[in-house]
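Student: If you want the building blocks of each chain, they are given just below.
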Amino acid sequence: MSSLPQVVFVLILGVTGFFLFKRVKFLQRNIRLGKAATQNDQQADRWKTMALVAFGQQKMFKRWVPALLHALLYVGFLVINLEVLEFVLDGLLGTHRVLAPFLGGVYTVAITVFEFLAVGVLLSCVALLIRRHVLKVERFTKPELKGWPALDATLILVIEIVLMSAILTMNASDQLLAAREVAPYFVLGPLFFSGLVQPIFEGFSTESLVLLERFAWWFHIVGILVFAVYVTYSKHLHIFLAFPNTWYSNLKPKGEMVNMPEVTQEVNMMLGIPTESPSEPPAEIGRFGAKDINDLSWVNVLNAYSCTECGRCTSECPANLTGKKLSPRKIMMDVRDRAEEVGNSLDAGGPGLADGKSLLGDYISKEEINACTSCNACVEACPINIDPLSIILQMRRYVAMEESGSPAQWNSMFQNMETSFSPWKFSSSDRFNWSEKVKEEEMK
Amino acid sequence: MSTYQVPTMAEMAANSQTPEVLFWVGCAGSFDERYKAVTQAFVKILNKVGMSFAVLGPEEACTGDPARRAGNEFLFQMQAVANIQVMNAYEVKKVVTACPHCFNTIKNEYPALGGNYEVIHHSEFLQQLINEGKVTLQGGGEFKGKKITFHDSCYLGRANGVYEAPREVIKALDVELVEMKRCRTKGLCCGAGGAQMFKEPEPGKKDINIERTEEALATGASTIAVGCPFCLTMMTDGVKNKNREADVQVVDLAELLAKDMGI
Numbered sequence: 001m002s003s004l005p006q007v008v009f010v011l012i013l014g015v016t017g018f019f020l021f022k023r024v025k026f027l028q029r030n031i032r033l034g035k036a037a038t039q040n041d042q043q044a045d046r047w048k049t050m051a052l053v054a055f056g057q058q059k060m061f062k063r064w065v066p067a068l069l070h071a072l073l074y075v076g077f078l079v080i081n082l083e084v085l086e087f088v089l090d091g092l093l094g095t096h097r098v099l100a101p102f103l104g105g106v107y108t109v110a111i112t113v114f115e116f117l118a119v120g121v122l123l124s125c126v127a128l129l130i131r132r133h134v135l136k137v138e139r140f141t142k143p144e145l146k147g148w149p150a151l152d153a154t155l156i157l158v159i160e161i162v163l164m165s166a167i168l169t170m171n172a173s174d175q176l177l178a179a180r181e182v183a184p185y186f187v188l189g190p191l192f193f194s195g196l197v198q199p200i201f202e203g204f205s206t207e208s209l210v211l212l213e214r215f216a217w218w219f220h221i222v223g224i225l226v227f228a229v230y231v232t233y234s235k236h237l238h239i240f241l242a243f244p245n246t247w248y249s250n251l252k253p254k255g256e257m258v259n260m261p262e263v264t265q266e267v268n269m270m271l272g273i274p275t276e277s278p279s280e281p282p283a284e285i286g287r288f289g290a291k292d293i294n295d296l297s298w299v300n301v302l303n304a305y306s307c308t309e310c311g312r313c314t315s316e317c318p319a320n321l322t323g324k325k326l327s328p329r330k331i332m333m334d335v336r337d338r339a340e341e342v343g344n345s346l347d348a349g350g351p352g353l354a355d356g357k358s359l360l361g362d363y364i365s366k367e368e369i370n371a372c373t374s375c376n377a378c379v380e381a382c383p384i385n386i387d388p389l390s391i392i393l394q395m396r397r398y399v400a401m402e403e404s405g406s407p408a409q410w411n412s413m414f415q416n417m418e419t420s421f422s423p424w425k426f427s428s429s430d431r432f433n434w435s436e437k438v439k440e441e442e443m444k
Numbered sequence: 001m002s003t004y005q006v007p008t009m010a011e012m013a014a015n016s017q018t019p020e021v022l023f024w025v026g027c028a029g030s031f032d033e034r035y036k037a038v039t040q041a042f043v044k045i046l047n048k049v050g051m052s053f054a055v056l057g058p059e060e061a062c063t064g065d066p067a068r069r070a071g072n073e074f075l076f077q078m079q080a081v082a083n084i085q086v087m088n089a090y091e092v093k094k095v096v097t098a099c100p101h102c103f104n105t106i107k108n109e110y111p112a113l114g115g116n117y118e119v120i121h122h123s124e125f126l127q128q129l130i131n132e133g134k135v136t137l138q139g140g141g142e143f144k145g146k147k148i149t150f151h152d153s154c155y156l157g158r159a160n161g162v163y164e165a166p167r168e169v170i171k172a173l174d175v176e177l178v179e180m181k182r183c184r185t186k187g188l189c190c191g192a193g194g195a196q197m198f199k200e201p202e203p204g205k206k207d208i209n210i211e212r213t214e215e216a217l218a219t220g221a222s223t224i225a226v227g228c229p230f231c232l233t234m235m236t237d238g239v240k241n242k243n244r245e246a247d248v249q250v251v252d253l254a255e256l257l258a259k260d261m262g263i
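Line by line, the protein sequences give chains A and B.
Numbering-wise, my numbering puts 132 at position 132 of the first sequence, and it's gapless, one number per residue.
Numbering-wise, my numbering puts 49 at position 49 of the second sequence, and it's gapless, one number per residue.
To be clear, the hints were calculated from the coordinates, so they are not data collected in a lab.
By construction, the Cβ of each residue, glycine as well, lies at the ideal position given by its N, Cα and C atoms.
Incorrect hints may appear among the rest.
Taking lysine-lysine pairs in the DSSO-like style, the calculated list, with each CA pair at most 27 Å apart, reads [what the hints assert, rightly or not]:
hint: 1; chain 1: A; residue 1: K136; chain 2: B; residue 2: K206
hint: 2; chain 1: B; residue 1: K146; chain 2: B; residue 2: K171
hint: 3; chain 1: A; residue 1: K146; chain 2: B; residue 2: K206
hint: 4; chain 1: A; residue 1: K444; chain 2: B; residue 2: K259
hint: 5; chain 1: B; residue 1: K199; chain 2: A; residue 2: K325
A few chain A positions that, by computed beta-carbon distances, are all more than 12 Å from chain B [to be verified]:
hint: 6; residue: V7
hint: 7; residue: V8
hint: 8; residue: F19
hint: 9; residue: L78
hint: 10; residue: F204
hint: 11; residue: I239
Could you build the full structure based on these sequences and the hints that come with them?
Tutor: Dropping the structure here:
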């Protein structure tokens, strides 16, 4: 037998590996456009969060229907990839079902399980397509999903349906050939699910069946490899990034805003408080708040690349629910789009961050960030602990501290606070007046 | 019979006394016409249970929360550092406040600036009083058997994970607690957080407090209980907007309890 298929297989593997390597480098560099931030304390809690939220999909189960459909896909993905191991071995060694002799009856059971999951994945992809395109679930119809994001979502589901169909076709034709005692095919135990589609191919000639079986085999494995590269361009990256993303979750109370120590020094000086290390020159401050992705932390950018645009955040955002422009999902998509733009520009020898554009202004408007009530509904809703609020608040800092561009009513509030230590215009000497009435009242 | 006492930290310090707890009143608690009643109700409860407490009075300043959330970190820290200096000078150990925004800021954000205190929200404080049997509930009162719904404030709930204490306080009264469709972790904001209290909302098709009030009214409750001054304002405005102020009232937990105690 010719070793040509093996050579072709090795070449395909190599090319895939090369593209994947390049893409991983690209993504890594883009994520590192964000500022350094250490978020690796409390390791035990981080592993636990990752195990529960990413691996265990804890937060998905707040909504049962999509959670169950997603769980089918997820388990299918994890388990069917075990079969891909055998595909790779067969491809490299030029063998056919190399693991079958070693596993005996277990092999048939395993293949049956894989087929069961393949059918599960197939059906849930169909259900998810129906949710998007027939039922038109509201969170999938928002303006930020128009164009590529909608196509991306549909492509992923269609590709998975096609890949799963390939597995079933392959097994069905394989067993038909085995029954006709064509080498190297051999009879496994009865395969229930591919058995159901066998009648379709029964009338095929042996040559056609061999062709079909080989086509399905190659289609499945090459499909998976192409899909792996595709994922790195797609919102589907969450299948990998959900894990580091949850590991780097914010473990502090959600209400706590990150302190700006670079401001504290100046505040202490203004208030005449001796500072701790006056001899040290102040660290390079750069910019207050965030105007572009390099002002955000790398975890913010990792969040953006981990987002699969499910829109649970936006569907629970009080601003979005009442028709404001703000959509937390769009904030995450904008961060990612800007990171991609800067990354592509850098790779092309372009100006990168210095292209005259910025995240705030060219992607995200003040109207959007000003509409946020900082209620944390988006953070709570995210199945993988993405934090859009952190990004919004950093941008507000930029607008207030670098541009003095906050809404006029906020500027009045600032002024009140500066002069009378209250957001309202009351005299601070009247602050205790509320007690007069109650102090006169007889205690019951 | 004596009158209610509202000692200040300065007065107590002058008598070499240290109260067990500082009651942080907050700006709404000091200045908002409607919300002052909540401050007064809470002070009455503190008096009634014989709690050793004091307030900062004129020495209190805004925690800086709205400035920080509107992006003005410098102004926030000016307020925070000044407050911390005052509190540390009085050697404050424990703080109780009725405002979830003050609660969140002092509890979570002051430590980074040198202010370390045990901070509890008045819902937790009231729950403790009930659990310890320190308050005598009449069980009758105007709320007896009535439907009450509780509106979760974001800075108490999602921001700090306090969901049950306010509900326990309500359940201690002889009332029927009914939940809104969106409650606890899924509670819908009243629309005032993140410094929205101090500006008009961005253009949209509806105000957030109207959306939330509609949800509260849908429970059929005659009382909407809140644990936050901003929520109180927003929900009260919502009820007025729906012309329901005649049959639906918006009250704070402290007012509920004080009324039930007959004070």
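Student: All hints are to be evaluated individually against the structure, with a verdict given for each.
Tutor: Comparing the hints with the structure gives:
1. Using a Cα cut-off of 27 Å, the hinted pair K136 of chain A and K206 of chain B holds, with the two alpha carbons roughly 23 Å apart.
2. Taken as a hint, the K146 of chain B and K171 of chain B pair is honoured in the structure, with Cα atoms around 12 Å apart against an allowance of 27 Å.
3. Restraint check: the Cα-Cα separation between K146 of chain A and K206 of chain B comes to about 24 Å, which is no more than 27 Å; the hinted pair holds.
4. A threshold of 27 Å between alpha carbons decides the hint, and for K444 of chain A with K259 of chain B the separation of about 12 Å falls inside it, so the pair holds.
5. About 16 Å separates the Cα atoms of K199 of chain B and K325 of chain A, which keeps this hinted pair within 27 Å; it holds.
6. No beta-carbon of chain B is positioned within 12 Å of the beta-carbon of V7 of chain A; the least distance is around 56 Å.
7. With a least beta-carbon separation of about 53 Å from chain B, V8 of chain A lies farther than 12 Å from that chain, consistent with its non-interface assignment.
8. Against the 12 Å criterion, F19 of chain A stays outside the reach of chain B, whose nearest CB is about 41 Å from its own CB.
9. With a closest Cβ-Cβ approach of about 28 Å to chain B, L78 of chain A is found to remain outside the 12 Å limit, as its non-interface label requires.
10. Every Cβ of chain B is farther than 12 Å from the Cβ of F204 of chain A; the closest lies at roughly 54 Å, confirming the non-interface assignment.
11. The Cβ of I239 of chain A sits about 26 Å from the closest Cβ of chain B, beyond the 12 Å cut-off, so the non-interface label holds.
In summary, this structure violates none of the numbered hints.
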